[in-house]
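Chain by chain, the residues:
4 protein chains.
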Amino acid sequence: MSPNATEEDVAAVVARVEGVGGEAFVSKGVVRTIIGLVGDLESFHHLNLRTLRGVADVHRISDPYKLVSRQHHPDRSTVWVGPAGRQVPIGPDSFTFLAGPCAVETPEQTLAAAQMAKGAGATILRGGAYKPRTSPYAFQGLGVRGLEILADVGRATGLPVVTEVVDARDVAVVAEHADMLQVGTRNMANFGLLQAVGEAGKPVLLKRGMTATIEEWLMAAEYIAQRGNLDVVLCERGIRTFEPATRNTLDISAVPVVQATSHLPVIVDPSHAAGRKDLVVPLSRAAIAVGADGIIVDVHPEPETALCDGPQALLGADLRELAQAVRRLPSAVGRVDAGELSRTA
Amino acid sequence: MSPNATEEDVAAVVARVEGVGGEAFVSKGVVRTIIGLVGDLESFHHLNLRTLRGVADVHRISDPYKLVSRQHHPDRSTVWVGPAGRQVPIGPDSFTFLAGPCAVETPEQTLAAAQMAKGAGATILRGGAYKPRTSPYAFQGLGVRGLEILADVGRATGLPVVTEVVDARDVAVVAEHADMLQVGTRNMANFGLLQAVGEAGKPVLLKRGMTATIEEWLMAAEYIAQRGNLDVVLCERGIRTFEPATRNTLDISAVPVVQATSHLPVIVDPSHAAGRKDLVVPLSRAAIAVGADGIIVDVHPEPETALCDGPQALLGADLRELAQAVRRLPSAVGRVDAGELSRTA
Amino acid sequence: MSPNATEEDVAAVVARVEGVGGEAFVSKGVVRTIIGLVGDLESFHHLNLRTLRGVADVHRISDPYKLVSRQHHPDRSTVWVGPAGRQVPIGPDSFTFLAGPCAVETPEQTLAAAQMAKGAGATILRGGAYKPRTSPYAFQGLGVRGLEILADVGRATGLPVVTEVVDARDVAVVAEHADMLQVGTRNMANFGLLQAVGEAGKPVLLKRGMTATIEEWLMAAEYIAQRGNLDVVLCERGIRTFEPATRNTLDISAVPVVQATSHLPVIVDPSHAAGRKDLVVPLSRAAIAVGADGIIVDVHPEPETALCDGPQALLGADLRELAQAVRRLPSAVGRVDAGELSRTA
Amino acid sequence: MSPNATEEDVAAVVARVEGVGGEAFVSKGVVRTIIGLVGDLESFHHLNLRTLRGVADVHRISDPYKLVSRQHHPDRSTVWVGPAGRQVPIGPDSFTFLAGPCAVETPEQTLAAAQMAKGAGATILRGGAYKPRTSPYAFQGLGVRGLEILADVGRATGLPVVTEVVDARDVAVVAEHADMLQVGTRNMANFGLLQAVGEAGKPVLLKRGMTATIEEWLMAAEYIAQRGNLDVVLCERGIRTFEPATRNTLDISAVPVVQATSHLPVIVDPSHAAGRKDLVVPLSRAAIAVGADGIIVDVHPEPETALCDGPQALLGADLRELAQAVRRLPSAVGRVDAGELSRTA
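Residue numbers (my numbering), protein chains in the order written: chain A, 30 to 374; chain B, 30 to 374; chain C, 30 to 374; chain D, 30 to 374.
Worth flagging that the hints you see were computed from the coordinates, not collected in a lab.
Source: prediction; values computed, not measured.
Worth double-checking, as some hints may not be accurate.
Identical copies carry no separate label here, and so any pair may be met within one copy or between two of them.
[To be verified] With a cut-off of at most 27 Å between alpha-carbon atoms, the simulated BS3-like pairs for lysine-lysine come out as follows:
1) K306 with K95
2) K95 with K57
3) K231 with K306
4) K231 with K57
Chain A with its partners taken away, still in its complex shape:
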């Protein structure tokens, strides 16, 4: 309460809180009075306490998410990706390497990239059929044809596939072809899309909004969970800051912060965070060491002709260096390669 709040002002706040079934504890100091609210957070949503006379400020103390919180679900979860018979885990015991081309361009390019990915140790294939692009004049993806190519290549290589869905109207067709649905950074707060993927019956890879706080990101996961789907994997991919040397600033601390707060698995995308090929390997090593449950990386057989994000795609020596890090480092932090834990038929 403000220093000049009256007894009546305090009483009005208490009455309003009690009116929705909450409890209000008054702590009266010489200069200032603090009122502690206890009760069901949902019932407090429309209290509008800031509009009451004498109220200086309102701070929320407890977390606003429930289903994705560790509070009532202390054990960290494992999400299984892929059709029965070849399911790959993402979770606290394993380390999962997802790789593939930013965009599906042709069957040949996709197959070549998938083979590169698999050769480097990847156990899940990523590839984009719908590409949200800042410019309406940039390549927007192959759509359904891209989904078909990706599914074919997934079957040919034995890798489950994850691909982005950018519009709630496309969720059904994407869920038909893919093993995991990705919600991209620009759509993290597209609540209609979150609800649609929550009902699609497939695991979801939820990228962090490039300007979302960790709490907002977990609230987005809560939207999916609320529709009955708890198979959500979070993906840190860099946040927008003032630093221009990298496309975004990889918030590596988000990994342990999320793991302390939520039971959901969390992986890292070093390719999109940095936007620069030369940073992908060191940032992947950092992600493994910090305790991420996996990484997702762009690979492309010919980056210089890629229709999307060529400058960050790995191949050749860089990819070999990454493969080596993925093989060796996880065991140094107590992890097993996801391939070894896969549920094969």
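Put chains B, C and D on the given structure of chain A with help from the hints.
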């Protein structure tokens, strides 16, 4: 090019640029060579120059938007909102005041808010039927019922109405009831939605993404324009920064920056930028003085019971002070009230 | 407290708070306990409550500054600048226009700029003798020779002068020549310098750190006040954000936020915020309209040869437009020109 | 150049560039002309090209720093810290662990912390005698008495010591007692201090300003180098972003970015970045894995009574876990412990 780039590296860049019909001018210094590219920006999208050997960095010099740029359309545009017979302008000669409740809750509340808005000088009514909320447990709006209430109140008060659409699947029904479609800050990069409103045949109010650069915001407008709709009004509503005293930081400079670059009208939303009632009047005055083409403000007959953003809604003395500013200040910067310029039957 | 905190954990916190003379009010909920602390904030500095078992988080509710707060000093202050006989006010009743060259280069350039400033309505002259520059290879200012030129020009034109001091070792010599000492954005957290200017016996112009929160800025003012100098004028000059269109983002909301919290005057520097000449006039109008107590603007007789920040310096038609705004707009928001309130002998 | 720039405008730019001995290459397109400048960057400082008619924008392509750049110094440097006979390296071949209390409080506390640090594998002792604090009411350090305690403890344990200097007037006395001078995050742009430590004859630990770009940070190092001191170690300690879960956001990418650009060693401070004890170990692992040349960590024998930053100080099980990571991980990325490379008499 990097200092150690070879003649062959330079030649490879030149060849690639010329291969898509562009021109490449080579500026050779003692330490470093710079290559200036000239040509159609669209054809340069997939050059992937950063992947070529010897390339140190690539800077784009020209603007990536076309239809919304002042370059080929030097005169600033006016957008007319409302049905034939009572159209209100938003543009360079007038100052337009949009006001109404954050959310449509009941017919009575909406009518009361509309009358408050009109009494204070507003000529366009805003009100939300679909509310994108960070929490899935918060009030999400009345949907179609809200649209009907808003349309009724608009007819009753003679005010054209603007309301937000959050899902491409709802664009048709919203366009049926509203005179102007709002795309909210969280959906500024929802490209499917942008394309859908671009085809809906109604003017669009495009809020700036809270973490979007001005260039990205204009690219979002370009998505709408590209579908044939140039009746786009931009709305600055605060950006995310490190400062916690306000909900977002109103980027007041964005108004003259946009006006120098684009022909589209631009207005300011001081309510959502600040999130605090006590800042709405001073920020509205600043918006008028900086040269904005209008403002959009939350009003509510009973903020303490509002289902959405009560703490920022105006009423009483604050609203009278705002009404006074809206009446007096625009003329001090060479503007006429939009009401006087309305095209009435 | 965390959900799993025990009775002992709660008791330990209470004991520690009471140990330094504070009071601790315990609010016990079903899931979570909140402890409200009341007492002298200073005595709480070393409690380290976050290190205690069971403590989930600690939020400070009251303001950490005292001398600069409006809490015990509700009337807003006026600071008088200049020698006895020609003192100019900066405060709530007036509007003060400060102008001059970014850097003092020669007697002729400084005099010409001062005459331009005075002709446009400025009543205080600014000019830099010590320039903190990002590059060690850039012009660093004329030092003492610059102070002498500035003082001469101030006397010749009858304008009090303000100039920046960048090093605690220079405070005495700067205070000898100038009527007001400026602490620049890069030195806002240079606590040794703040203490030195706090003891120099001259009013201080304290620029906001380009990445400082409003609270940190007020704490910097508290450092000066604590040394006995309450003649501090705050200056908002833009904060660092992700937006590249302007050099910094002018946080126009900071003006009313500061005025609600602190009794100190607050002015705006639109030149350094924008870094672009074409934005100076609209942003100055916005600053007047939002209720700033003054503005400080770069002018230069020949911007194209300026040794510092030429691109943002005004002259000619722009300066005339600014002069007109400064003459007319303040009265529209209830202000009188500072020149009319000056205490002349 | 702007699309409407004339031939004369272009010629004026070229003339001005050539006037200071530079070369200007003109690339003329259908819509737009680009002028590439080649020459000595220093001579371009006062060209003020943005003030010339027809100039749309100016982009700098080359790096503004020289002495700290890898361009003319491709091999990465090693900085040796400590008196002859027990010098510890920080550089590309080793991994150096610096630890100690945030603030020197008493001889006993400092010795206990130093022994903890040494026991965990640290080879350099850190400890603060001068503490820059946001609040003038917070503990500001013991000053010279703190320097004496630190030096004593350094001798007793055989560890070289690093301590912060916050005022140019204190550089001499700090250099007398310490083996390495630290410039803190708030003083990164205190150019007088940078020049003073550049002349002090001791290695410098330069923390990144919490809101400085990597380029500005390297320019700060250039200030030191320009005074003849190339023994500068950079320290990434988190940047200010919108994310509130951590005190600052550790910019882990800055490590490989700096190493690609500058020959100076770069270490990481996970304690100050996170401000939370539970993140120090995972972030230290990430720092090692990303390729940092060292880490600097807060340890304290009794964090709950610490006078400064207690919540982030390690002890007990956390410190043992960190010690283990420091022992094992560096070899996984090709590094040797700095202790093994020390130059002992």
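To see whether the hints hold, each was checked on the structure:
no. : hint           : verdict
1   : K306 with K95  : between (38 Å within a copy, 25 Å between copies)
2   : K95 with K57   : between (32 Å within a copy, 20 Å between copies)
3   : K231 with K306 : neither (31 Å within a copy, 37 Å between copies)
4   : K231 with K57  : neither (52 Å within a copy, 41 Å between copies)
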